[in-house]
Amino acid sequence: MTGRRTAKEPNRRPPIAVVVMAVIAVAVLALPLVGLLQRTPWSSLGTTLGEAATLEALRVSVVVSLLAAAVSVVLGLPLAWVLARLDFKGRPLVRAVVLLPMVLPPVVGGIALFFALGRRGLVGRALHNWFGVDTLIGTTAGAVIAAAFVSMPFFVITAEAGLRQLDPRLESAASTLGAGRWTVLRRITLPLLAPSLAAGATLSWARALGEFGATITFAGNHPGRTRTLPLAIAQANEAGRPEAAIAMSVLLIGVSLLILIGLRHRWIAPRSSRPESSPETSPS
Amino acid sequence: MTVYAAASLSEAFEDLATEYEAANPDVDVKLNFAGSARLAAQISAGARADVFASANAATMSRVVAEGRTAAPPVLFVRNRLALVVPIDNPGNVTELEDLSDDSLVLAVCAPEVPCGALAQAVLADAEVDADADTEETSVRAVLTKVTLGEADAGLVYATDVAAGGDKVAAVPLGPQIRFNDYPVAAVSNRDVAADFVDFVLGADGQRILWSHGFDSP
Numbered sequence: 001m002t003g004r005r006t007a008k009e010p011n012r013r014p015p016i017a018v019v020v021m022a023v024i025a026v027a028v029l030a031l032p033l034v035g036l037l038q039r040t041p042w043s044s045l046g047t048t049l050g051e052a053a054t055l056e057a058l059r060v061s062v063v064v065s066l067l068a069a070a071v072s073v074v075l076g077l078p079l080a081w082v083l084a085r086l087d088f089k090g091r092p093l094v095r096a097v098v099l100l101p102m103v104l105p106p107v108v109g110g111i112a113l114f115f116a117l118g119r120r121g122l123v124g125r126a127l128h129n130w131f132g133v134d135t136l137i138g139t140t141a142g143a144v145i146a147a148a149f150v151s152m153p154f155f156v157i158t159a160e161a162g163l164r165q166l167d168p169r170l171e172s173a174a175s176t177l178g179a180g181r182w183t184v185l186r187r188i189t190l191p192l193l194a195p196s197l198a199a200g201a202t203l204s205w206a207r208a209l210g211e212f213g214a215t216i217t218f219a220g221n222h223p224g225r226t227r228t229l230p231l232a233i234a235q236a237n238e239a240g241r242p243e244a245a246i247a248m249s250v251l252l253i254g255v256s257l258l259i260l261i262g263l264r265h266r267w268i269a270p271r272s273s274r275p276e277s278s279p280e281t282s283p284s
Numbered sequence: 001m002t003v004y005a006a007a008s009l010s011e012a013f014e015d016l017a018t019e020y021e022a023a024n025p026d027v028d029v030k031l032n033f034a035g036s037a038r039l040a041a042q043i044s045a046g047a048r049a050d051v052f053a054s055a056n057a058a059t060m061s062r063v064v065a066e067g068r069t070a071a072p073p074v075l076f077v078r079n080r081l082a083l084v085v086p087i088d089n090p091g092n093v094t095e096l097e098d099l100s101d102d103s104l105v106l107a108v109c110a111p112e113v114p115c116g117a118l119a120q121a122v123l124a125d126a127e128v129d130a131d132a133d134t135e136e137t138s139v140r141a142v143l144t145k146v147t148l149g150e151a152d153a154g155l156v157y158a159t160d161v162a163a164g165g166d167k168v169a170a171v172p173l174g175p176q177i178r179f180n181d182y183p184v185a186a187v188s189n190r191d192v193a194a195d196f197v198d199f200v201l202g203a204d205g206q207r208i209l210w211s212h213g214f215d216s217p
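Same order as they appear, the protein sequences are chains D and X. Quick note on numbering: the first sequence equals residues 1 to 284 in our numbering. Quick note on numbering: the second sequence equals residues 1 to 217 in our numbering.
This is chain D alone, in the form it adopts within the complex (with noise of 0.2 Å):
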């Protein structure tokens, strides 16, 4: 503090410490994945990935993950409005509850799932009499409970964060103008709840592509049915075929990356400072 020093212009210059600690927590992050990557074998990946077992496994991931997905929003939606707009006096708890199985082992929520949705469950005793259900496991209707069960909370998460910061004044004004509850919802709260939506869909759609052991556990492991990509690899690695491990590790991180990247704008690292809403449309 020398005094003759006046605060004409910010110091524009980063601060080096943090940009130190911000390079070591790149380096925490990134530096397993480089190490896969350097192990990779390049040369014989593309038979691995080419393999039937691992297309096939693809595919269960897939459908596995964008069914968990379509089962988080139809029902995390809802609830997300009813966490963002209805004042009731256990919100805390059902927002607790809620956002567990994102800090839950997963095998823990496969276990849960259990003694709720199995056959000795609390609800599946019920399944089983009424619906003939005779068991989840095995079945890739299990593995998309158990895939939604931890991928819903992150839709929930985002959906009701972007109710929040919704301008309720908008609401009311078009109901002002004559708009029904329906009306508004389309035509107002939806559209501009968008940006939200996608990005809390597409969020919990990665996670349900990375789930693993509320899978295994509570759906087992079947090929073609519950066999996904991240079970695959577990029993590769179990069984000593690290390269197989290996070559459908770099499939995974593959689509995922795919995945975040294409949510960069929306919600990892919004863009503050501009509103959205002339939005880029070059192809990126």
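Keep in mind the hints are simulated off the structure, nothing from the lab. Predicted model only: the values in this text are computed from it and were never measured. Check each hint, because a few of them may be wrong.
[Unchecked claim] Covered by chain D, per the in silico footprint, the following chain X stretches (three or more residues, Cβ under 8 Å):
(1) 34-46
(2) 168-177
(3) 182-193
[Said to hold, decoys possible] Between beta-carbon pairs, the in silico distance windows are:
(4) 32/X / 185/D: 54 to 60 Å
(5) 32/X / 85/D: 48 to 54 Å
(6) 243/D / 176/X: 33 to 39 Å
No residue lacks a Cβ here, since even glycine has one placed at the ideal position from N, Cα and C.
Add chain X to chain D, keeping to what the hints say.
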């Protein structure tokens, strides 16, 4: 001393370690249980193990090929396949042939892991065409699904039946010709490693292993 042992050896090796420590008060035995393939990969990558006990010879041979064993591996027990059902037997399974019924929920080990390879061989011998609903990578995951009553039947090791407690029952399979042979080898050059291997192969060690359902090779 650190002993790496296959998951199916868990209870037996805990007993072995307790007995060995009682006889050798200056030795502290640390046990690490996991699937044999994972343990083999860890040892090949340089993990500080003194002894390795694997659930099949193929997995052990990978560690031998890497030059990580201090002495040639020796077979010390064998394990049989067992058919387990929930204690109330909802699928009414009474013999191996019943597993060809597709409406049964059947859990087995994946063919790549030792217990899965054994199950496949036994089913093929009996000419039973069983469609498994789930292929687990660990024999204990198969047992859990039966214990919870979520699977009507599961193929596990004979030694796993006891771990299922009063929630599972074993269906007699008749005389068997297929076994998984378990090799053990000293990984480090320490005297205590060779001594522990001798203990496992000796009368006291074998008696403990029998009490857990293992057979002598």
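Cross-check of the supplied hints:
1. 34-46: As far as the segment 34-46 of chain X goes, the hint holds, because 5 residues have Cβ atoms under 8 Å from chain D.
2. 168-177: n = 0 at 8 Å, threshold three: violated.
3. 182-193: The restraint on the segment 182-193 of chain X is violated, since only 0 of its residues have a Cβ under 8 Å from chain D and three are required.
4. 32/X / 185/D: 54 to 60 Å: holds, 57 Å
5. 32/X / 85/D: 48 to 54 Å: holds, 52 Å
6. 243/D / 176/X: 33 to 39 Å: holds, 34 Å
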